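Engineer: Next come the chains, spelled out residue by residue.
There are 2 protein chains.
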Amino acid sequence: MFQIPRGTRDIPPDEMDKRRYVESIMRRVFVSYGYREVQTPTFEHLELFTAKSGDAVINEIYSFKDKSGRDLALRPELTAPVIRFYVDQMQMEPKPLKLFYFGSCFRYDRPQRGRYREFQQAGCELIGADTPEAHAELIALAYNTLKTTGLTDIRLYIGNLTILAYLFNKMGLTQEQRRYVTPLIDKSLFNDLKKYLEEIKVEEKMIDVFIDLLQTSNTDTIESYIKDDKEATRAMDHLTQVTGLLEESHLLKNYSIKLGIVRGLDYYQDIVFEIEAPRLGTEKQICGGGAYNLVKLFGGVDIPTSGFAIGFDRTLLALESEGYKFPAHTLDFYIIPVNEDMIPVSMRIASKLREEGFIVDVDLLRRGLSKALKHANSIKAKDALIIGAKEYKDKNVIIRNLETGEQKTIKIDDLTLLIKKKN
Amino acid sequence: MFQIPRGTRDIPPDEMDKRRYVESIMRRVFVSYGYREVQTPTFEHLELFTAKSGDAVINEIYSFKDKSGRDLALRPELTAPVIRFYVDQMQMEPKPLKLFYFGSCFRYDRPQRGRYREFQQAGCELIGADTPEAHAELIALAYNTLKTTGLTDIRLYIGNLTILAYLFNKMGLTQEQRRYVTPLIDKSLFNDLKKYLEEIKVEEKMIDVFIDLLQTSNTDTIESYIKDDKEATRAMDHLTQVTGLLEESHLLKNYSIKLGIVRGLDYYQDIVFEIEAPRLGTEKQICGGGAYNLVKLFGGVDIPTSGFAIGFDRTLLALESEGYKFPAHTLDFYIIPVNEDMIPVSMRIASKLREEGFIVDVDLLRRGLSKALKHANSIKAKDALIIGAKEYKDKNVIIRNLETGEQKTIKIDDLTLLIKKKN
Numbered sequence: 005m006f007q008i009p010r011g012t013r014d015i016p017p018d019e020m021d022k023r024r025y026v027e028s029i030m031r032r033v034f035v036s037y038g039y040r041e042v043q044t045p046t047f048e049h050l051e052l053f054t055a056k057s058g059d060a061v062i063n064e065i066y067s068f069k070d071k072s073g074r075d076l077a078l079r080p081e082l083t084a085p086v087i088r089f090y091v092d093q094m095q096m097e098p099k100p101l102k103l104f105y106f107g108s109c110f111r112y113d114r115p116q117r118g119r120y121r122e123f124q125q126a127g128c129e130l131i132g133a134d135t136p137e138a139h140a141e142l143i144a145l146a147y148n149t150l151k152t153t154g155l156t157d158i159r160l161y162i163g164n165l166t167i168l169a170y171l172f173n174k175m176g177l178t179q180e181q182r183r184y185v186t187p188l189i190d191k192s193l194f195n196d197l198k199k200y201l202e203e204i205k206v207e208e209k210m211i212d213v214f215i216d217l218l219q220t221s222n223t224d225t226i227e228s229y230i231k232d233d234k235e236a237t238r239a240m241d242h243l244t245q246v247t248g249l250l251e252e253s254h255l256l257k258n259y260s261i262k263l264g265i266v267r268g269l270d271y272y273q274d275i276v277f278e279i280e281a282p283r284l285g286t287e288k289q290i291c292g293g294g295a296y297n298l299v300k301l302f303g304g305v306d307i308p309t310s311g312f313a314i315g316f317d318r319t320l321l322a323l324e325s326e327g328y329k330f331p332a333h334t335l336d337f338y339i340i341p342v343n344e345d346m347i348p349v350s351m352r353i354a355s356k357l358r359e360e361g362f363i364v365d366v367d368l369l370r371r372g373l374s375k376a377l378k379h380a381n382s383i384k385a386k387d388a389l390i391i392g393a394k395e396y397k398d399k400n401v402i403i404r405n406l407e408t409g410e411q412k413t414i415k416i417d418d419l420t421l422l423i424k425k426k427n
Numbered sequence: 005m006f007q008i009p010r011g012t013r014d015i016p017p018d019e020m021d022k023r024r025y026v027e028s029i030m031r032r033v034f035v036s037y038g039y040r041e042v043q044t045p046t047f048e049h050l051e052l053f054t055a056k057s058g059d060a061v062i063n064e065i066y067s068f069k070d071k072s073g074r075d076l077a078l079r080p081e082l083t084a085p086v087i088r089f090y091v092d093q094m095q096m097e098p099k100p101l102k103l104f105y106f107g108s109c110f111r112y113d114r115p116q117r118g119r120y121r122e123f124q125q126a127g128c129e130l131i132g133a134d135t136p137e138a139h140a141e142l143i144a145l146a147y148n149t150l151k152t153t154g155l156t157d158i159r160l161y162i163g164n165l166t167i168l169a170y171l172f173n174k175m176g177l178t179q180e181q182r183r184y185v186t187p188l189i190d191k192s193l194f195n196d197l198k199k200y201l202e203e204i205k206v207e208e209k210m211i212d213v214f215i216d217l218l219q220t221s222n223t224d225t226i227e228s229y230i231k232d233d234k235e236a237t238r239a240m241d242h243l244t245q246v247t248g249l250l251e252e253s254h255l256l257k258n259y260s261i262k263l264g265i266v267r268g269l270d271y272y273q274d275i276v277f278e279i280e281a282p283r284l285g286t287e288k289q290i291c292g293g294g295a296y297n298l299v300k301l302f303g304g305v306d307i308p309t310s311g312f313a314i315g316f317d318r319t320l321l322a323l324e325s326e327g328y329k330f331p332a333h334t335l336d337f338y339i340i341p342v343n344e345d346m347i348p349v350s351m352r353i354a355s356k357l358r359e360e361g362f363i364v365d366v367d368l369l370r371r372g373l374s375k376a377l378k379h380a381n382s383i384k385a386k387d388a389l390i391i392g393a394k395e396y397k398d399k400n401v402i403i404r405n406l407e408t409g410e411q412k413t414i415k416i417d418d419l420t421l422l423i424k425k426k427n
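For the record, the sequence lines run as chains A and B.
Sequential numbering from 5 applies to the first sequence in the numbering used here.
Sequential numbering from 5 applies to the second sequence in the numbering used here.
Among the hints, a few may not be true.
Pairs count within a copy or across copies, as identical chains cannot be separated in the list.
Stated by the list, open to error - Derived DSSO-like pairs (lysine-lysine); straight-line CA-CA distance at most 27 Å: (1) LYS22 / LYS99; (2) LYS99 / LYS378; (3) LYS174 / LYS231; (4) LYS257 / LYS356; (5) LYS99 / LYS384; (6) LYS288 / LYS397; (7) LYS375 / LYS99; (8) LYS300 / LYS415; (9) LYS399 / LYS257; (10) LYS99 / LYS356; (11) LYS99 / LYS386; (12) LYS99 / LYS69; (13) LYS300 / LYS234; (14) LYS412 / LYS199; (15) LYS300 / LYS375; (16) LYS356 / LYS151; (17) LYS174 / LYS205; (18) LYS234 / LYS262; (19) LYS69 / LYS257; (20) LYS205 / LYS69; (21) LYS209 / LYS397.
Calculated directly from the structure, the hints in this document are not laboratory data.
Owing to the predicted nature of the structure, the values given are computational and were not obtained by experimental measurement.
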């Protein structure tokens, strides 16, 4: 027996139906905002990802040499590939350019419950616009996409890395110290953060203010503290314009300001946001995004870019944790030829019904009637059509409701009519 | 600038729309036959593919070692992974089991025009039924799927490997000799084939008969030649039952018998078929399938299996070669706020229209009216909605047909009504 590779999984039909259902909702919402889909290869040159995120990511990436010795990598995310595609081929397109994607991503880490080495992401990239209305629309799109899938219990947090950087500067943190505190902020480990800042001799009062600011959602508090700095004030002004539009135009009031959103400090900049599904516990973050800076790094003409990625698998888990009722799998008819002579006409009826848009299966194993009916039940067919020799001679078939067991004889010619009426 | 990996490609929005359109048609047809979708990981243990196809395939596979030294492979096709999944988790499911898939596959060969190292396949596997009606339904499904996408110029060929093996036996070919002639038969290189068979001293008359049989579509000719052999006769009988059902039940008369279909002789067995789109020249084969034997090899309880794979990229190329008219990309409205004050209400109108199912874009760059209209034209919006201060004061907006240039002023409250009427 052959094993599936460690940390990966197969997706059976019932789950696949759910995934395609949610995917189609997300696609419809992305499209309704004027976004258009693109696709990039499953693997890229490794350097694309190290350029974006530094050499440290190599440890978490499925990287390999191809037969010509090239360093390739299964993509760990899709923003870098989409921006590479933009720089290669789409720089001359009218701006802003709105692109979305669905695709598998890969990470080489320790397999854990709910964390697989291959996982799906959906996301959008907005290239060429950084006005408040552009960012408000992007955030509303992410939020509404998740809402439209059917999720009810989600939280939106909006932060700003320019303000965070200003606070770091004020405390005089070195690059190395910033890198140390970033994961503590990300995980809201404020005690550890305080202890560390004390250790490196940040002024006690400033530590308290900093930790307060990381936790407050009150814009007045933030504004009053940063008012001396031009850049931070501009960033805050942008943020309040964005949230103003979210409330006024997108009727989105259920958000919190959170300066403690750090994301990938290296290439994200200015506005950032995250959406959480609290029921998922430690894996609660289902969407992350913001403004970022990759085009110039990838050799393109500098242009503002922003975007977000949705963890598709986690979205499914979140829906399930809310007890969401996915549409059930449908099989309209199961056709049973009662003997071999009835096979051709049974297949013919199946063909006709399929052409009319019905989902139809036929007994392919020449089973007896009771066994065939049992199978029809086990695969959850709604109705069985029994094609018997006697009935067929009179141009009749038997239709049996598999839920109630009720059955009646009808003319073959009426079949289409009856079915049309029924639906 | 970062390069895309050699032999791969990015798919831009217009082509992506076509692909999703064709994919949705194929999915609808697969589902209408009672098939259900599954998904397997992008990579597998290399041995899964060498077990199926021998060590020679390693040269054509993207294989690599992961960080723990495991030999992994980007899947070159999806039948082996789906059957592995079946053996691992689905052996207890009610039979027959009807599964379909869509996915990326990978081959490491010399990039050529129209041949990429990453390509898409769609396919179906039928597990647990090998009656003539089962195989007829499978072949009809493959053929109807391609027809339903809109292809008109396709050819279906049906062969049988049991009969081919009987002819090999009759000529006394060794395994090595069979392996040598197989590609010659596959490519219809009958002169080379004849020369080789003469070289290895096959009787002249038998060579002529063999080459005739490879090319005839006449079942009587075939039957009369194989009538002494029980196995070959049974195979031929099965074949004619299948084609009988194709004609009678599936109204599929446009096929040819072709004993020269070889496919992967190692694991295919008995009935095989191919569908070609002749306009594609050397890359004309767009579908291949048949009965095969993998379950036992993969450690499962032996059970009849058959299936087919459709080359998704080639299907797209074939549709384009026929001048197929794909549905055009739609953008219902482009909304233009004439000044900054009009932004919130413009975004609000956009939100409302999106909620009603329209595809809507808004100017995010605070452009002047004429520049914004130019952009709306360049992204092919149908109508522009111009939100002006004066009009808005009177609760009006201007709607402009971007094709005719015709424009009129309407009440905001009538917008929904007007639009509903219009559609």
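Engineer: Against each hint, give a clear statement of whether it holds in the structure.
Structural biologist: Each hint, compared with the structure:
1. LYS22 / LYS99: The answer is between: 23 Å across copies meets 27 Å, while 35 Å in one copy does not.
2. LYS99 / LYS378: between (59 Å within a copy, 11 Å between copies)
3. LYS174 / LYS231: within (13 Å within a copy, 94 Å between copies)
4. LYS257 / LYS356: between (52 Å within a copy, 16 Å between copies)
5. LYS99 / LYS384: Between. Shortest inter-copy distance 13 Å satisfies the 27 Å Cα cut-off; intra-copy 50 Å does not.
6. LYS288 / LYS397: Intra 63 Å, inter 45 Å, cutoff 27 Å: neither.
7. LYS375 / LYS99: So LYS375 and LYS99 pass the 27 Å test across copies only (11 Å; inside, 62 Å).
8. LYS300 / LYS415: Close neither inside one copy (70 Å) nor across copies (45 Å); limit 27 Å.
9. LYS399 / LYS257: between (63 Å within a copy, 25 Å between copies)
10. LYS99 / LYS356: For LYS99 and LYS356, only the inter-copy Cα distance (24 Å) is at most 27 Å; the intra-copy one is 48 Å.
11. LYS99 / LYS386: between (50 Å within a copy, 18 Å between copies)
12. LYS99 / LYS69: Neither way: LYS99 and LYS69 sit 37 Å apart in one copy and 42 Å across, limit 27 Å.
13. LYS300 / LYS234: within (25 Å within a copy, 72 Å between copies)
14. LYS412 / LYS199: neither (79 Å within a copy, 66 Å between copies)
15. LYS300 / LYS375: between (66 Å within a copy, 26 Å between copies)
16. LYS356 / LYS151: Intra 39 Å, inter 15 Å, cutoff 27 Å: inter-copy only.
17. LYS174 / LYS205: Within one copy, since 13 Å is at most 27 Å while 91 Å is not.
18. LYS234 / LYS262: within (20 Å within a copy, 78 Å between copies)
19. LYS69 / LYS257: Answer is neither: 49 Å inside a copy and 49 Å across each miss the 27 Å cutoff.
20. LYS205 / LYS69: Neither way: LYS205 and LYS69 sit 46 Å apart in one copy and 47 Å across, limit 27 Å.
21. LYS209 / LYS397: neither (95 Å within a copy, 51 Å between copies)
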